[in-house]
Amino acid sequence: MLHVTHWLAMGGYAEYVWSAYGVAALVLGGLAVHSWRWHRASSDVLDRLQHRTGRDE
Amino acid sequence: MPMLTRLANPARFMRASSTALPWLGALATGVIAVGLVWGLVFAPPDYQQGESVRIMFVHVPSAWMAMSAYLFIAVASGVALVWRHPLADIAAQAAAPVGAGFTAVCLASGSLWGRPMWGAWWVWDARLTSVLVLFFLYLGYIALVNAFDDRTRGARAGSLLALVGVVNLPIIKFSVDWWNTLHQPASVLRLGAPTIALSMLLPLLVMALGFMLLFGWLVLLRMRAALNERKAHALRLYGQLAAGEPRLPMAPPVADVAARAALR
Numbered sequence: 000m001l002h003v004t005h006w007l008a009m010g011g012y013a014e015y016v017w018s019a020y021g022v023a024a025l026v027l028g029g030l031a032v033h034s035w036r037w038h039r040a041s042s043d044v045l046d047r048l049q050h051r052t053g054r055d056e
Numbered sequence: 000m001p002m003l004t005r006l007a008n009p010a011r012f013m014r015a016s017s018t019a020l021p022w023l024g025a026l027a028t029g030v031i032a033v034g035l036v037w038g039l040v041f042a043p044p045d046y047q048q049g050e051s052v053r054i055m056f057v058h059v060p061s062a063w064m065a066m067s068a069y070l071f072i073a074v075a076s077g078v079a080l081v082w083r084h085p086l087a088d089i090a091a092q093a094a095a096p097v098g099a100g101f102t103a104v105c106l107a108s109g110s111l112w113g114r115p116m117w118g119a120w121w122v123w124d125a126r127l128t129s130v131l132v133l134f135f136l137y138l139g140y141i142a143l144v145n146a147f148d149d150r151t152r153g154a155r156a157g158s159l160l161a162l163v164g165v166v167n168l169p170i171i172k173f174s175v176d177w178w179n180t181l182h183q184p185a186s187v188l189r190l191g192a193p194t195i196a197l198s199m200l201l202p203l204l205v206m207a208l209g210f211m212l213l214f215g216w217l218v219l220l221r222m223r224a225a226l227n228e229r230k231a232h233a234l235r236l237y238g239q240l241a242a243g244e245p246r247l248p249m250a251p252p253v254a255d256v257a258a259r260a261a262l263r
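Just so you know, the protein sequences line up as chains A and B, in that order.
Sequential numbering from 0 applies to the first sequence in numbering that gives the first Met the number 0.
Sequential numbering from 0 applies to the second sequence in numbering that gives the first Met the number 0.
For the record, the hints were derived by calculation from the structure and aren't laboratory data.
Remember, it's a predicted structure, so these values are computed and weren't measured experimentally.
Where a beta carbon is used, it is the ideal one built from N, C-alpha and C, also for glycine.
Any given hint could be a false lead.
[As the list claims (entries may be wrong)] Chain A side only, calculated, beta carbon under 7 Å to chain B, not exhaustive:
1) Tyr12
2) Ala19
3) Gly21
Build the full structure now, drawing on both the sequences and the hints.
Now the structure itself:
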C-alpha cells in the first residue's frame, strides 16, 4: 500500500504528471470515440441505403 | 509504391482497411499499454528533474506525431493537387483533427512540465510559439476545407494552405538551435548518438510507436467514414434520379424571375 501511494505522489509532482497523462487520455480517447462512432453511423446509413436501392457492391 | 497505387482504388482501399483496422487498433492499444507501464513505473526518475520527467513519455511522442501528421497532410495535399486523386484529399482531411489533437496534447503536457521545471506555464520563445502556430495551421486547414459549399474548392484551398504551412516544420525542429530558449535541445533525433539514457529512450520509443499506430488506426477509421458518407450521398442522388424526382441542382427561383424580367 505504501508503495502505491508513494508511486502516486510522483516525488511531489503528482498534479503535473497525472494532469499531463489525463489530458492525453481525454484528447486521444475522445478522438477514438468520435472516430469510432462516426465510422459506425456512416456504415449503418450506407448499409440501409444499399439495401433499399438493391445495389450491393 | 506499386502497393500504394493498388490501394489508391477506393473499393480496394475499403476492403484492405477493413482487414487492417482491428489489428491496428489492438496493436496500438497493446503497445501504448506497455509504454505506459514502462514509462510510469519502470523507467528511472531523472537525476535533475526527478519524477516530473515522466511527462516526457507523453509530451515528446505527441510532439513527434504533431509534426509527422502535418507532413502526412502536406504530402497527401501535394498528391491531391498534382494527381487529383480522390483518396488523397480524404486522407489529408482525416488526418487533420488527429494531428490537431496530438498538437494540443503536446502543448498542454509541455505547459504542465514547464510550470514545475521553468516556473512558468508558458513562455513566448521560438519553440513554443512555432508549435502554437502549428496548432493554428491545423485549425485553419480544417476551417478552410469546410468553408466552401463546393467540396472540391474547399479541398483545393486546404491543400494550398497545408503546403505553404510546411515551412513551419523545419522552424519547429531547429528552433532550439537557432534561438535562445528555455526548451532543451534535441536529445534523440540529433546528429551523433542520442544523449538520453537507454532506460528512458526505450520506453520513449515504445510510446512513439504506440502513438504512430494510434494515428494510423484513427486515420483509417476516419477515411472509411468519409468514404461511406460520399457513397451514401451518391446513392441518394441515384435514387432520386431513378424515382423521377427533379434533377439536382435545381435552378433557383430568383434567377428564374430575373431572367423573365430581362426578357420582358
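Cross-check of the supplied hints:
Restraint check, A:Tyr12 versus chain B: the minimum CB separation of about 4 Å is within 7 Å; hint holds. Checking A:Ala19 against chain B by beta carbon gives a least distance of about 4 Å; that is within 7 Å, so the hint holds. The beta carbon of A:Gly21 is not positioned within 7 Å of any beta carbon in chain B (closest approach about 9 Å), and the interface hint is therefore violated.
Hint 3 from the earlier list is the only one contradicted by this structure; the remaining hints agree with it.
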